[in-house]
Structure formats: C-alpha cells, structure tokens
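J.: Residue numbers (the working numbering), protein chains in the order written: chain A, 9 to 215; chain B, 28 to 201.
Quick caveat, the hints were computed from the structure, so don't treat them as lab data.
One or more of the hints may lead you astray.
A few chain A residues facing chain B, derived, Cβ under 8 Å [as the list claims (entries may be wrong)]:
1. Thr-22
2. Leu-169
3. Ala-172
4. Leu-203
If you want the ones that stay clear, here's a sample from chain B, every Cβ over 12 Å from chain A, calculated [stated by the list, open to error]:
5. Leu-57
6. Asp-61
7. Glu-68
8. Ser-175
Computed list of lysine-lysine pairs in PhoX-like fashion (alpha-carbon distance at most 25 Å, straight line) [what the hints assert, rightly or not]:
9. B:Lys-83 / B:Lys-38
10. B:Lys-38 / A:Lys-208
11. A:Lys-36 / B:Lys-188
12. B:Lys-150 / A:Lys-208
13. B:Lys-188 / A:Lys-202
14. A:Lys-202 / B:Lys-150
15. B:Lys-150 / A:Lys-15
16. A:Lys-15 / B:Lys-83
Remember, predicted model here, so these are calculated numbers, not experimental data.
We treat Cβ as the ideally placed atom computed from N, Cα and C, and that holds for glycine.
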Amino acid sequence: MTPDDFKESWQTQTSHTRLTIDADLLVKEVRRNQRHFTAMIFWRDVREIGVGLLMVPLWLYLGAKQSSPWTWYLTIPAVLWVAGFMLVDRFRHNRRRPERGEPLRQHVESSLSELEHQIWLLQYVFWWSLLPLIVSFLAFFAQAAWQDRGGGWWTALAISLVVALGLLVFAGIYWLNQFAIHAELEPRRQELQKLLSSLKDESPDEI
Amino acid sequence: MLNENPESLFKSWLTQHGAAVLKVARAYTLTADDCQDLVQEILLQVWRSLPQYQAKASASTWFYRVALNTALAWHRKERRRRVRQQPIREVENLSDAGHDGAQQALEREIVERLYAAIRQLPKTDAALVLLYLDDLTYREMADVLGISETNVGVKLNRARKALGELMKEGSHDP
Numbered sequence: 009m010t011p012d013d014f015k016e017s018w019q020t021q022t023s024h025t026r027l028t029i030d031a032d033l034l035v036k037e038v039r040r041n042q043r044h045f046t047a048m049i050f051w052r053d054v055r056e057i058g059v060g061l062l063m064v065p066l067w068l069y070l071g072a073k074q075s076s077p078w079t080w081y082l083t084i085p086a087v088l089w090v091a092g093f094m095l096v097d098r099f100r101h102n103r104r105r106p107e108r109g110e111p112l113r114q115h116v117e118s119s120l121s122e123l124e125h126q127i128w129l130l131q132y133v134f135w136w137s138l139l140p141l142i143v144s145f146l147a148f149f150a151q152a153a154w155q156d157r158g159g160g161w162w163t164a165l166a167i168s169l170v171v172a173l174g175l176l177v178f179a180g181i182y183w184l185n186q187f188a189i190h191a192e193l194e195p196r197r198q199e200l201q202k203l204l205s206s207l208k209d210e211s212p213d214e215i
Numbered sequence: 028m029l030n031e032n033p034e035s036l037f038k039s040w041l042t043q044h045g046a047a048v049l050k051v052a053r054a055y056t057l058t059a060d061d062c063q064d065l066v067q068e069i070l071l072q073v074w075r076s077l078p079q080y081q082a083k084a085s086a087s088t089w090f091y092r093v094a095l096n097t098a099l100a101w102h103r104k105e106r107r108r109r110v111r112q113q114p115i116r117e118v119e120n121l122s123d124a125g126h127d128g129a130q131q132a133l134e135r136e137i138v139e140r141l142y143a144a145i146r147q148l149p150k151t152d153a154a155l156v157l158l159y160l161d162d163l164t165y166r167e168m169a170d171v172l173g174i175s176e177t178n179v180g181v182k183l184n185r186a187r188k189a190l191g192e193l194m195k196e197g198s199h200d201p
C-alpha cells in the first residue's frame, strides 16, 4: 500500500466515526479549569511577591520593638528590590507570552525564548535575589558581633553559628534553583531546540 | 477579536473540529486515559485562546495550531485537569451501506496501525503526516506549522517515506 492508500483508508474510516460531545458539560469543565488556573496564578503571585511585601511592615514592627540597629532595616530595601524585580519581570514577560493559536514554528520559538528567560532568572538568582538578602543579613550580624565584641567566645560562637545556618539556607535555595534548571528546564530546552531544528528550512538534497 | 458569543462559538467549532482534536491527541499519546487528558487540555487551551483569534487563519487551521502546540508541549506528568465525567465520551462507528463489515474492520485496522506508526515518527513529521492524512493542502499545512510550502513538500516527502517503511514493518508483525 502507498501513503495515498493509507490516506484513503484514514478518511473513509474517520468519516464513519463521530464524537459524542456533551458541550454543556465540556464548557462547564473548561470554565472550572480556567478558574482553577487563574486562582493558581493569583496565589503564586501572592506567595512570591505579596509575602515579600508583607515582610516590610513586619520588619519595621520587629525592628522598632527590639530597638534594632540600623543594619536591621537593610533587609527592607533588599526585599523591596527582589519583589520589584519579580514584578517588573513578570509584567514584561506576560506581554510576550507564547499564544497557542500561533503557527507551530513561531510558538516553539516563543516558548524557547520564554524558557531561556526562566533559565536565565534561575541561573542568576544569586545576583538579583540572594545577594541583596545575604548582604543585609551579614551586615546585621557583623554589627551585632561588633556591638557584642566584649561578650567573649560564647557570643562569638553563637553569632557564627547563626550566620553559618543562614548561609546554609541561602546555599540550599541556590542549589534548589540550579537543580530545577538541570532536572526540568534544560531537558525541555533541548526538546524545544530539537523541535525547532526539525522545522528549519531543508533543501530536497538533504533528504 | 470575535463578535460572536465565545460560548456558542466554542460549541459550534467543537462540533466541526472536535474530531481533529481527538486525532491529534491519539497521535501523541499511548493510552486512552492520556488521550482523554490531552483532549481536555487542548480544549482548555482553545477556550483560553479564543479571545486572541483574529480570523487571519481559518478556524480549521487555528484549531490544528492550538491542538498541535498543546500536544507538543504536553507531558504525561501534567495530568492535573482530569475531570470526573468525560465530556467527550465515545467515537462511534456509523453504519455505511457502501461498506461491508470486513472492509470496515480492515480499514479500522489500518487506521490503528497508522496511529502506531505516527507515534514512532519524530514529532514534527507526525504533525505533518496527520495534516496530510486529513487532506490539508500544502498552503494550509504551511499555515499550521509556520514554514514555507516548499519546506512542507520536502519534509512531507521524507515523512511519507518513513510512514511507508513503518507500515511495512507493522504489516510483518504477527
């Protein structure tokens, strides 16, 4: 049989079939899924940006209550920077989100560009997110150590332990981000690159 | 943008192009459950993308685009939107006076083998073969895939050869 014979069988067979669609139920389910998706995006934004912004009044309150030194308040610009960076990035990124109704090649190109941006964000998470927080964290403990310099070895040890623990948490966050790149994003990037290269122009001689 | 009520348009397009969605889903999944999940994912994306439809492409071309873009991005682990009831229930065989039972059974078997062969093709070739089997013109295929008509011809030629080989191998299996 030739491909044209297969085509004939395909069309004959598919013309004998019809779908039983409960359109009302489908619309209901699609709407439910849409609501679920919107809620998921909303709560993701609340989690990632809202929590950061809520930390500001909390930080001010705690700082005032404990009469903390000025370095305590360095965390506020650091948190605002991170939240602002994410907000601006999300705003710019949303404007060029791939659309499903695009031709395949265009869709793969925009998906790849979106994915590469996500990889970039995670690759440089240290610079735009962790570093400002680490600097404010270290500045506070350096000042605390300086003020308590007469406290002896035990105070120095306690502060060192807290700093080490904090740095370990930051290192863990960094590692998780890099792991996500290697485990999820990089394979997807390779898949999209392969797909894109399979759509590139070919001359008949290349067959 | 559309002037028509999105819900009625969605329902009317579903009747016209629902079969294409099912074919794409079958070609890119291995099990009936995965197929049902992918169909629902595609229809969800159709619903979501409907406000962006600008009639630059025909509804049929646009449906294929959404279906293929979704199928190629779909992963089995994304099975999160399964509904409890199945809105698309069955594909029914309609009786045809012109075809006897044996002929229909043979054609059904060929179609099953075609799906099996399509699943073994590279993803882009699978898409091209599906469009070819559904009798789209080179122009329409080029619109769906975003490549030139010449390129469609070159790639389709290769994909058809690969399909022929796979069908030959399949016919030798017990």
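J.: Look at each hint and say if it fits the structure.
T.: Tested hints:
1. Interface hint status for Thr-22 (chain A): upheld, as the beta-carbon distance to the closest one in chain B is roughly 7 Å, under 8 Å.
2. Hint status for Leu-169 (chain A) relative to chain B: violated, with the closest Cβ pair at about 40 Å, above 8 Å.
3. Contact between Ala-172 (chain A) and chain B, as hinted, is not supported at the beta carbon level, the nearest pair being about 37 Å apart and thus beyond 8 Å.
4. Annotation: Leu-203 (chain A) was flagged as interfacial toward chain B, and the flag holds, the nearest CB pair being 6 Å apart, inside 8 Å.
5. At roughly 18 Å from the closest C-beta of chain A, the C-beta of Leu-57 (chain B) stays outside 12 Å, upholding its exclusion from the interface.
6. Every CB of chain A is more than 12 Å from the CB of Asp-61 (chain B) (nearest about 17 Å), matching its label as outside the interface.
7. Annotated as non-interface, Glu-68 (chain B) brings its C-beta within 12 Å of a C-beta of chain A; the closest such distance is 9 Å.
8. With a closest Cβ-Cβ approach of about 7 Å to chain A, Ser-175 (chain B) is found to fall inside the 12 Å limit, against its non-interface label.
9. Between Lys-83 (chain B) and Lys-38 (chain B) the CA atoms are separated by roughly 20 Å; this keeps the pair inside 25 Å, and the hint holds.
10. Annotation: proposed proximity of Lys-38 (chain B) to Lys-208 (chain A) is violated, straight-line Cα distance about 36 Å (limit 25 Å).
11. With a C-alpha separation of about 43 Å, the suggested pairing of Lys-36 (chain A) with Lys-188 (chain B) is violated against the 25 Å cut-off.
12. Annotation: proposed proximity of Lys-150 (chain B) to Lys-208 (chain A) holds, straight-line Cα distance about 14 Å (limit 25 Å).
13. Restraint check for Lys-188 (chain B) and Lys-202 (chain A): the C-alpha separation of about 21 Å stays at or below 25 Å, so the hint holds.
14. Of the pairs offered as hints, the one joining Lys-202 (chain A) and Lys-150 (chain B) holds, with about 10 Å between alpha carbons and a cut-off of 25 Å not exceeded.
15. For the hint linking Lys-150 (chain B) to Lys-15 (chain A), the alpha-carbon distance of about 19 Å falls within 25 Å, and the restraint holds.
16. Between Lys-15 (chain A) and Lys-83 (chain B) the alpha-carbon distance is near 28 Å, which puts this suggested pair outside the 25 Å criterion.
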